[in-house]
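Those sequence lines, one after another, are chains A, B and C. Here the first sequence is numbered in the UniProt record's numbering, starting from 1 and rising by one per residue. Here the second sequence is numbered in the UniProt record's numbering, starting from 1 and rising by one per residue. Here the third sequence is numbered in the UniProt record's numbering, starting from 1 and rising by one per residue.
Quick caveat, the hints were computed from the structure, so don't treat them as lab data. Be aware that one or more of the hints could be misleading.
[To be verified] Listed next, with one range per pair, are the computed distances between beta-carbon atoms: (1) 176(A) / 124(B): 53 to 61 Å; (2) 72(B) / 46(A): 27 to 35 Å; (3) 17(B) / 125(C): 42 to 50 Å; (4) 108(C) / 286(A): 24 to 32 Å; (5) 6(B) / 18(C): 37 to 45 Å; (6) 255(A) / 126(B): 36 to 44 Å; (7) 39(C) / 5(B): 37 to 45 Å; (8) 72(B) / 259(A): 52 to 60 Å; (9) 60(B) / 108(C): 49 to 57 Å; (10) 224(A) / 6(B): 36 to 44 Å; (11) 59(C) / 250(A): 32 to 40 Å; (12) 10(B) / 250(A): 53 to 61 Å.
A virtual CB, placed ideally from N, CA and C, is assigned to each residue, including glycine.
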Amino acid sequence: MPEHEAGGTLGTSTLEVRDFLRRRREQIAQRWADEPLFRTVFTVSRDEAVEAGKAVVDALAQVADSQRVEDPDAAGFTGVREQLARMGAARSRAGLSATQMSSELAALWPPVENLLVADLDQAPPEELRECSTTLSVLMGTLRLVAMQTALSEGQALIDRQRLQLLEVATPVIKLWDGIVAVPLIGTLDSARSQVVMETLLNAVVDQHARFAILDITGVPTVDSLVAQHLMKTVAAARLMGAECVVSGIRPAIAQTIVHLGLDLGTVKTRASLADALGYCLHELGANIVNATPDGAGRR
Amino acid sequence: MHTAAGVEACLPIRSDMDLVWVRQHVRQAAARLGFGLVDQTKLVTAASELARNTLVHGGGGQLEVSLVTADGVSGLRLAFSDSGPGIPDLERALSDGYTSGDGLGMGLGGARRLVHDFEVESVPGSGTTVRVTSWVGRPPRPREEV
Amino acid sequence: MSEGFSRPVAGHVPVLRLGDVLLVTLQGDLHDSTAQQLQQDLSETIAHSRVTGVVIDISGVEIVDSFLGRVLAEIAAQAELLAARTVVAGMRPAVAITLVELGLTLPGLRTALTTEAAMELLAQPIVSSRSGGLRQGSP
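Generate the whole structure from the sequences, applying the supplied hints.
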């Protein structure tokens, strides 16, 4: 843990650190280029990674120059924010969690520390200790800035994808002639349920489906709002001349429904998608015979 | 943004023939602003309900259609006004139980669920104005408590 | 109907007789008075012609408000009294969603995806467990 002495010594050591960063700019960037954070993001050439590293070193030197090593809002970081965001986005696209990203950022410290020790091997141990502390504080701040930008970039990405997901997350599957199903996964809010309803009803028209199955196995909770959405969908399907069956009611959800006193009265429900399909096939007049006596029976 | 041409209008509501014009105008205006098919249908249906209220309960009146914008989003505002007897008990008129009778008053509560914003001003003896607004691309608001 | 006003349908709606079934095709934007006229005409025709079924094709209807919804329900109820079953066929998804949101779920009304499906439904014996699209009274 860095101990913060009064401004005076910290002041000298930050300038020392600034000079070190400027002196060893090339070497630091070269070493960083081999670290996963740079190596995997800047894949065009090693030079590209080195250049990116230099930009970060320059930013650090500038922050040290302004004596604000602990301040993530220091002006010096402004120039590299976009680059850090790009790196963060690339890493998260590659599937890294925030924790993994944080440790990749932490991995940038040892090479710099080694260089610092080598660089100041003639200096008194006292001075080395102070510089090392200051530099580690600065690197910590960099890590904070990088995580901040990565996360806010992530949020923007999430917002954009959320809309697309609404549509992608609602696949309509034709199970049989005249039977379509929509497996619902995730939370049903009113935007989503509108999309689900439209998608399902359009599929009913396109596929001439007399039966539509809404499978809610993947819906974590059913509250009164969700129940309402389900009932609306069922009612709309009925107006069009199709019957809608809700399947995938897990025991826990059945309990919730009863506890909340929700009335699914007009909604036909089945425990599993298979049961629902069996019901629809039976209603369509298909004769289902089990090959094995203990198979899933028709309901 | 969108131009008001072909959207903004003031239409009389004096006969059931006028209801047809109201529906057609609202549909075209909504389509022009970029409302999706379902949202167009909801808005036109709400307009039909409210225009019929104006005609049947208000003894006729008019519809003013205007284009509104907020936070870069376009919306369609419909103001139905009459100088009829007014609505004595607004709360009751908006409740669902009231609407299920013989059809009198049908539509006020229902129409409210088809739009984003809804407000009624009614002075007993001097008339009623209902203003509704729907916004392009906004999801339907969740229904109030069940 | 994107541009230009389509002429509102005024006056009479054609009613076609196909064997034991009356086929009514609604199109475009209906006048209130036209809908009421249809309701009257239909009950007379059913009484005179002794048909056993009525199919109302609304696939060409872009909006159904509470007024038209009620007319449809009343036609069905009247027909029932005259021993004919009514099926409303081809309601568009957007119309169905709107009606539900409006609070008009029209229980008791028989529905079918298409006129063909409606005809098939009417061809089935009256007591049927295979009711698919149509409303099964109480559970």
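Okay, the hints, checked on the actual structure:
no.: 1; hint: 176(A) / 124(B): 53 to 61 Å; result: holds (59 Å)
no.: 2; hint: 72(B) / 46(A): 27 to 35 Å; result: violated (44 Å)
no.: 3; hint: 17(B) / 125(C): 42 to 50 Å; result: holds (44 Å)
no.: 4; hint: 108(C) / 286(A): 24 to 32 Å; result: holds (28 Å)
no.: 5; hint: 6(B) / 18(C): 37 to 45 Å; result: holds (42 Å)
no.: 6; hint: 255(A) / 126(B): 36 to 44 Å; result: violated (54 Å)
no.: 7; hint: 39(C) / 5(B): 37 to 45 Å; result: holds (39 Å)
no.: 8; hint: 72(B) / 259(A): 52 to 60 Å; result: violated (43 Å)
no.: 9; hint: 60(B) / 108(C): 49 to 57 Å; result: violated (34 Å)
no.: 10; hint: 224(A) / 6(B): 36 to 44 Å; result: holds (41 Å)
no.: 11; hint: 59(C) / 250(A): 32 to 40 Å; result: holds (38 Å)
no.: 12; hint: 10(B) / 250(A): 53 to 61 Å; result: holds (55 Å)
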